[in-house]
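Asks: Residue numbers (this note's numbering), protein chains in the order written: chain A, 1 to 279; chain B, 1 to 215; chain C, 1 to 215.
Bear in mind the hints are in silico, worked out from the structure with no lab data behind them.
Bear in mind the structure is a predicted one, so any value in this text is a computation, not a measurement.
Listed next, the in silico BS3-like pairs over lysine-lysine satisfying Cα-Cα at most 25 Å (straight line):
no.: 1; chain 1: A; residue 1: K126; chain 2: A; residue 2: K46
no.: 2; chain 1: B; residue 1: K170; chain 2: B; residue 2: K88
no.: 3; chain 1: C; residue 1: K170; chain 2: C; residue 2: K88
no.: 4; chain 1: A; residue 1: K46; chain 2: C; residue 2: K170
no.: 5; chain 1: A; residue 1: K126; chain 2: C; residue 2: K170
no.: 6; chain 1: A; residue 1: K126; chain 2: C; residue 2: K88
no.: 7; chain 1: C; residue 1: K88; chain 2: A; residue 2: K46
Below, each chain spelled out in residue letters.
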Amino acid sequence: MAESFQPTLDFEAVEAAAEAGEALVVDLDGFEGPLHVLLALARSQKVDLLRLSIARLADQYLAFVQEARKRRFAVAADYLVMAAWLTYLKSRLLLPKPERKGEEPPAQELAEALAFRLVRLEAVRKACDALHARAQLGRDVFARGDAEQVVVHATSRLEGSLYELMTAFVSQRRRAEARRYAPAARVEAYPLEAARERLSQLLPDLESWTSLGGIAPAPSAAATDAKQRGPSRASYLASTLSAGLEMVKDGRLEARQLQAFAEIWIRRAQTRPQLLAAE
Amino acid sequence: MSEDASAEVERSVEALLFAAAEPLSVGDLAARLPEGWDVGRAIAGLRARYAGRGVELVCVADRWQFRTAPDLAHLMTEERQDTRRLSKAAMETLAIIAYHQPVTRAEIEAVRGVGLSRGTLDLLLEIGWVRIRGRRRSPGRPATFGTTDAFLEHFGLPSLADLPGAQEMKAAGLLDRDMPHGFVVPRPEGAPAADEDPLADGDVPEFHQDYLGEG
Amino acid sequence: MSEDASAEVERSVEALLFAAAEPLSVGDLAARLPEGWDVGRAIAGLRARYAGRGVELVCVADRWQFRTAPDLAHLMTEERQDTRRLSKAAMETLAIIAYHQPVTRAEIEAVRGVGLSRGTLDLLLEIGWVRIRGRRRSPGRPATFGTTDAFLEHFGLPSLADLPGAQEMKAAGLLDRDMPHGFVVPRPEGAPAADEDPLADGDVPEFHQDYLGEG
Numbered sequence: 001m002a003e004s005f006q007p008t009l010d011f012e013a014v015e016a017a018a019e020a021g022e023a024l025v026v027d028l029d030g031f032e033g034p035l036h037v038l039l040a041l042a043r044s045q046k047v048d049l050l051r052l053s054i055a056r057l058a059d060q061y062l063a064f065v066q067e068a069r070k071r072r073f074a075v076a077a078d079y080l081v082m083a084a085w086l087t088y089l090k091s092r093l094l095l096p097k098p099e100r101k102g103e104e105p106p107a108q109e110l111a112e113a114l115a116f117r118l119v120r121l122e123a124v125r126k127a128c129d130a131l132h133a134r135a136q137l138g139r140d141v142f143a144r145g146d147a148e149q150v151v152v153h154a155t156s157r158l159e160g161s162l163y164e165l166m167t168a169f170v171s172q173r174r175r176a177e178a179r180r181y182a183p184a185a186r187v188e189a190y191p192l193e194a195a196r197e198r199l200s201q202l203l204p205d206l207e208s209w210t211s212l213g214g215i216a217p218a219p220s221a222a223a224t225d226a227k228q229r230g231p232s233r234a235s236y237l238a239s240t241l242s243a244g245l246e247m248v249k250d251g252r253l254e255a256r257q258l259q260a261f262a263e264i265w266i267r268r269a270q271t272r273p274q275l276l277a278a279e
Numbered sequence: 001m002s003e004d005a006s007a008e009v010e011r012s013v014e015a016l017l018f019a020a021a022e023p024l025s026v027g028d029l030a031a032r033l034p035e036g037w038d039v040g041r042a043i044a045g046l047r048a049r050y051a052g053r054g055v056e057l058v059c060v061a062d063r064w065q066f067r068t069a070p071d072l073a074h075l076m077t078e079e080r081q082d083t084r085r086l087s088k089a090a091m092e093t094l095a096i097i098a099y100h101q102p103v104t105r106a107e108i109e110a111v112r113g114v115g116l117s118r119g120t121l122d123l124l125l126e127i128g129w130v131r132i133r134g135r136r137r138s139p140g141r142p143a144t145f146g147t148t149d150a151f152l153e154h155f156g157l158p159s160l161a162d163l164p165g166a167q168e169m170k171a172a173g174l175l176d177r178d179m180p181h182g183f184v185v186p187r188p189e190g191a192p193a194a195d196e197d198p199l200a201d202g203d204v205p206e207f208h209q210d211y212l213g214e215g
Numbered sequence: 001m002s003e004d005a006s007a008e009v010e011r012s013v014e015a016l017l018f019a020a021a022e023p024l025s026v027g028d029l030a031a032r033l034p035e036g037w038d039v040g041r042a043i044a045g046l047r048a049r050y051a052g053r054g055v056e057l058v059c060v061a062d063r064w065q066f067r068t069a070p071d072l073a074h075l076m077t078e079e080r081q082d083t084r085r086l087s088k089a090a091m092e093t094l095a096i097i098a099y100h101q102p103v104t105r106a107e108i109e110a111v112r113g114v115g116l117s118r119g120t121l122d123l124l125l126e127i128g129w130v131r132i133r134g135r136r137r138s139p140g141r142p143a144t145f146g147t148t149d150a151f152l153e154h155f156g157l158p159s160l161a162d163l164p165g166a167q168e169m170k171a172a173g174l175l176d177r178d179m180p181h182g183f184v185v186p187r188p189e190g191a192p193a194a195d196e197d198p199l200a201d202g203d204v205p206e207f208h209q210d211y212l213g214e215g
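Based on the sequences and whatever the hints tell you, model everything.
Replies: Here it is, written out as structure tokens:
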């Protein structure tokens, strides 16, 4: 093994590898990487990869790289890294045995590790072949060409509860109600004229404080129909107050309210001279 | 031809028919097989072999194909049920039909105050909750609508008289706020109304006349 | 179950499998058949019945499918699809992922002793034979890759355990993640053995980080 480690014999080494049955074309494109080259070379040794002569493999590899560099300028860096490492490994393998422990793994272990990697890559290669040889779908075996699709009958079940039905009925009626515009429902007002006239007639009798509510006319309770009933109580009250305020302004009436929303009291205005005298 | 050889023709034809994207004629099959192979006999053999199986070899327009047995068609369908809700418009229309029946399209629109899209009535008829009951004895003889037994079943009602009335609506809190003016829950008429002619045989209402043209 | 009844199960399963475009699991079949039908027995019966025929019942990715017999491939010229011929690099990468899964990008590179071009993994992911399985619980949390059911279906494998030679490779220690003796030169990568985190939702590894940044 050592005798083949001669740089000048590189070319022969590659040829030897080729003759050994491995079509080792010196074309880096044919290899995925240095490990693939090593595997191809290792196969040429025709031994169990785990019992490979690493030194011989290193020689073969270096020869291969040399040849590759002869023909091409650029060789990928990892090929050169591997070359350097193999050179180093080989030199250590050739050194006399006793090595100091603890520094680096023994050369033999490194060699075994390399052999293991080659075995592993070889296994991947075989797995590739085995996979490729399998009956592949669409290439060797075929599934049903005219598959009958399962027909999906989608029946949609409608959800609806009585509550929803009732809600729909009521909400529809509410909207109808909101839409309805009923002019007939207008409120009949107690005319201001009538209130003024009535209050003037009552004025002489309003000697003391009398509540406004007591003076305003009441709606006719006898009438059953809304139309016959006439103005509402609120309208009577509002018109009477309005007429009363006019008379306060004229000085004919006095009005007082103790607080907001409290009863409003009115009485005939006291004469001015009396008021002055009183002061 | 030997026994083995004819078995080989048969399984070749079997594979070709299985993988083909469409039915194959005897000529198609012969063209893809070595010359002299008896395709006709292979087909006869396959027919016999598959007779009564889950898959059968059938001839359609002079071409052969494997099809699943007709009696297993139910396996090829998948029932899928999804629930959906009626739209608000459809639910309201249903409610009006339920409570006011018999009711014409124009009356439904009058109650709702908006036009009725054709799809809404269609949908209710299609679901089977609403039916055409008859015709109103009035100009144009419009179709009258009412609810079906399926409607009663779905809503769990023994009869139309069991439709919830104002009391139930109040109890359900639907009338809590202000009661709509003049709120009355009408009593639906199950029997033909006085001014209604039941639908006679063959008196199929036409869409344009009865669903759209009227009112 | 009577003779007749079990024949009925068999032909029903036959029809379902025949009609389907995809392989069906026992569960898929059972779901489409009346409860209590013995699907497993029907499949065993069908396998025997179709053995040696032009169409065979095979198990792929734990599911069942009728396929043409492999020895008749030469007849199927019409059906043959232009299957993408994977490059050697892609095929080796696929094999490493299949046998070593879950495996990180760095580990794939370690087996082949060469860097993995980004296009290779992309291609395998795109074909749908390879998927990102999760993340290795190790520094950098690299993504781990594995194969898909589509991979098993394509290569006609019932399960990963049926990968050709997988048992032997395992016995020889070739599927161990660690290199023996801490082999580090020339590519210094011996990922420490650690468990794998399944990919969480939304935890999609970024290409730059996981394909390129690691190792």
